[in-house]
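Here the protein sequences come in this chain order: P and L.
When we follow the working numbering, the leftmost residue of the first sequence carries the number 5, and every step to the right adds one.
When we follow the working numbering, the leftmost residue of the second sequence carries the number 18, and every step to the right adds one.
If you are wondering where the hints come from, they were derived from the structure by calculation, not from laboratory data.
Check before you lean on any hint, since a few could be wrong.
Straight line, CA to CA, 16 Å or less: simulated EDC-like cross-link-like pairs of lysine to aspartate or glutamate [claimed, not checked]:
no., chain 1, residue 1, chain 2, residue 2
1, L, K348, P, E54
2, L, K348, P, E48
3, L, K346, P, E54
4, P, K94, P, E75
Bear in mind that the values here come from a model prediction, so they are computed numbers and not experimental data.
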Amino acid sequence: MKFVTAIIKPFKLDEVREALSAIGVQGVTVTEVKGFGRQKGHTELYRGAEYVVDFLPKVKIEAAIRSDQIEQVIEAIEKSASTGKIGDGKIFVFDLEQVVRIRTGETGTDAL
Amino acid sequence: MKHVFALLALVGAVAFGAPAWAEETVAAPAATATAAAPAAAAAAAPAEAAAPALVPNKGDNAWVMMSAALVILMSIPGLALFYGGLVRSKNMLSVLMQVFTVFSLISVLWVVYGYSAAFTEGNQFFGVLDKLFLKGVTVESVGATFSKGVVISELAFVIFQGAFAAITCGLIVGAFAERARFAAILVFMVIWFTLSYIPMAHMVWFWAGPDAYIDAAAGEAAGKTAGFLFQKGALDFAGGTVVHINAAIAGLVGAYMIGKRTGLGNVAMAPHSLTFTMIGASLLWFGWFGFNAGSALEASGGAALAMVNTWVATACAALSWMFAEWMIKGKPSMLGAASGAVAGLVAITPAAGFVGVMGAIVIGLLAGIVCLWGVNGLKKLLGADDSLDVFGIHGVGGILGAILTGVFVDPALGGTGVYDYVANKVGDFDMATQVIAQLWGVGTVIVWSGVVSIVAFKLVDIVIGLRVAEDEEREGLDVTSHGETAYHH
Numbered sequence: 005m006k007f008v009t010a011i012i013k014p015f016k017l018d019e020v021r022e023a024l025s026a027i028g029v030q031g032v033t034v035t036e037v038k039g040f041g042r043q044k045g046h047t048e049l050y051r052g053a054e055y056v057v058d059f060l061p062k063v064k065i066e067a068a069i070r071s072d073q074i075e076q077v078i079e080a081i082e083k084s085a086s087t088g089k090i091g092d093g094k095i096f097v098f099d100l101e102q103v104v105r106i107r108t109g110e111t112g113t114d115a116l
Numbered sequence: 018m019k020h021v022f023a024l025l026a027l028v029g030a031v032a033f034g035a036p037a038w039a040e041e042t043v044a045a046p047a048a049t050a051t052a053a054a055p056a057a058a059a060a061a062a063p064a065e066a067a068a069p070a071l072v073p074n075k076g077d078n079a080w081v082m083m084s085a086a087l088v089i090l091m092s093i094p095g096l097a098l099f100y101g102g103l104v105r106s107k108n109m110l111s112v113l114m115q116v117f118t119v120f121s122l123i124s125v126l127w128v129v130y131g132y133s134a135a136f137t138e139g140n141q142f143f144g145v146l147d148k149l150f151l152k153g154v155t156v157e158s159v160g161a162t163f164s165k166g167v168v169i170s171e172l173a174f175v176i177f178q179g180a181f182a183a184i185t186c187g188l189i190v191g192a193f194a195e196r197a198r199f200a201a202i203l204v205f206m207v208i209w210f211t212l213s214y215i216p217m218a219h220m221v222w223f224w225a226g227p228d229a230y231i232d233a234a235a236g237e238a239a240g241k242t243a244g245f246l247f248q249k250g251a252l253d254f255a256g257g258t259v260v261h262i263n264a265a266i267a268g269l270v271g272a273y274m275i276g277k278r279t280g281l282g283n284v285a286m287a288p289h290s291l292t293f294t295m296i297g298a299s300l301l302w303f304g305w306f307g308f309n310a311g312s313a314l315e316a317s318g319g320a321a322l323a324m325v326n327t328w329v330a331t332a333c334a335a336l337s338w339m340f341a342e343w344m345i346k347g348k349p350s351m352l353g354a355a356s357g358a359v360a361g362l363v364a365i366t367p368a369a370g371f372v373g374v375m376g377a378i379v380i381g382l383l384a385g386i387v388c389l390w391g392v393n394g395l396k397k398l399l400g401a402d403d404s405l406d407v408f409g410i411h412g413v414g415g416i417l418g419a420i421l422t423g424v425f426v427d428p429a430l431g432g433t434g435v436y437d438y439v440a441n442k443v444g445d446f447d448m449a450t451q452v453i454a455q456l457w458g459v460g461t462v463i464v465w466s467g468v469v470s471i472v473a474f475k476l477v478d479i480v481i482g483l484r485v486a487e488d489e490e491r492e493g494l495d496v497t498s499h500g501e502t503a504y505h506h
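Generate the whole structure from the sequences, applying the supplied hints.
This is the structure in structure tokens:
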């Protein structure tokens with residue numbers, strides 16, 4: 005099993021969700037996050053005072069999937085989250101040791 | 018606890034100190050004791066029973082009471098939200114609390130001794146304490162308006178003026194937001210209200226009322242009982258000097274004496290909710306119709322003029338600030354538009370019932386641009402951390418408005434001119450004389466409020482300490498001063 009974490013632009017969330025549903029991903033967890041990468045922050049101006057905003061708002065998506073789905077999932081996120089401009093985000097893939105469905109006690113791929 | 022005791026001690030000192038100046042003033046004008054005070058004269062002078070007792074006009078009464086409620090709305094929540102949105106989220110409640118509590122505190126002091134000391138006949142600077150605890154002010158008492166033979170209920174005048182005193186003190190807290198000690202603010206307000214607000218209100222607004230100006234001799238005698246700046250001929254329709262410059266100077270002195278916020282220049286101090294600031298600015302605008310048009314004290318054409326001016330000058334200032342910012346900084350901002358609106362409200366305050374609508378447009382347009390400079394160039398020159406730009410907007414806008422009132426009151430420029438209550442017509446107008454009178458007003462309030470503020474802040478610093486500990490400041494005043502948080506994420 006694999007665990008996929010993707011950092012994307014917030015306004016791309018709906019497209020990514022649709023793309024993942026379409027290829028059979030059963031569930032995702034979404035968190036609003038802030039961070040910095042190669043995309044520079046921006047300057048905000050309040051009356052006389054200027055503030056550089058370094059940490060930009062992003063959305064973090066997490067999904068647990070079967071190992072055979074990984075290529076499809078990466079492709080789906082890549083396509084749906086892309087604007088072609090700097091700041092589109094990144095996808096991280098981890099090996100996943102165990103999954104347990106709390107209600108039934110199922111484990112492994114049955115619990116996905 | 019020791020803060021509370023210190024506070025009580027200072028309140029006591031002020032209360033016991035007050036009769037001292039009251040006695041002096043009773044002795045001085047004893048010869049003119051029968052001259053009409055602005056209020057209560059008609060009701061409490063049975064000797065002059067020849068004229069029928071004046072009965073308040075119900076329409077005027079309704080308008081002044083409604084206006085008082087509007088001024089309270091613009092203070093809480095208006096001013097509180099305008100300021101609250103501008104601070105960081107960890108200090109939101111501290112600002113709301115400061116405005117809310119100062120408003121409550123001054124309201125009580127107003128009926129205890131404030132009204133009496135400001136609006137009774139004494140010397141040119143203070144009234145007397147004859148109406149302590151509103152003694153003698155009954156449902157029958159009446160107060161003068163600006164028309165002969167027209168009066169309103171004195172109690173309506175009491176609450177209308179009391180709301181002004183309360184919002185003025187509330188304005189000051191913006192200058193040292195995010196770092197001042199709560200107890201220090203309360204004690205400072207008691208001293209400053211007593212020694213700066215009350216005398217400024219008396220100097221600018223106390224007069225014998227139009228009915229005392231029967232002929233030239235009576236007019237001259239009545240004129241001598243008026244406040245210092247009233248006698249100088251300074252015009253201040255709704256409180257440009259008494260409210261805005263007065264509060265702004267106190268704020269600026271406070272910002273210097275309390276010192277800069279920890280981390281200023283290194284830490285982001287961006288406003289946490291411009292949504293609240295916009296709501297606050299809008300409530301200020303709405304409430305200001307009571308503040309300015311209510312200052313006519315009658316539901317008259319003059320009140321309508323003040324209302325239209327308050328509407329148009331504010332809109333002009335919101336636009337001029339926004340366009341100037343757009344040109345200079347590249348983007349038109351919500352904060353700029355809201356700040357411009359408040360600058361326009363401040364600048365039109367002394368002029369509201371005196372200038373024509375075209376005069377209001379010019380005052381508004383200039384206020385937006387000049388106050389934008391006030392929060393940028395001038396702020397850097399002054400070097401004080403005036404957190405929410407009380408001086409940049411209320412001080413600069415107030416001074417601009419006070420001076421331009423002297424220009425645009427000119428009947429040749431569409432103003433109303435200055436009414437001569439002896440001749441019962443608009444008097445001859447000389448712009449230079451009027452502008453000099455206005456400068457007297459501006460200069461007096463700057464010096465008076467400046468000196469009182471320096472002494473008051475110094476005293477509070479010694480007794481209580483003006484600012485919170487650095488750790489508390491970093492953690493935020495909501496939790497450390499008040500034990501609660503504005504937002505639960």
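For each hint, the structure was consulted:
no., hint, verdict
1, L/K348 to P/E54, "13 Å, holds"
2, L/K348 to P/E48, "10 Å, holds"
3, L/K346 to P/E54, "11 Å, holds"
4, P/K94 to P/E75, "15 Å, holds"
Checked against the numbered hints given earlier, this structure breaks none of them.
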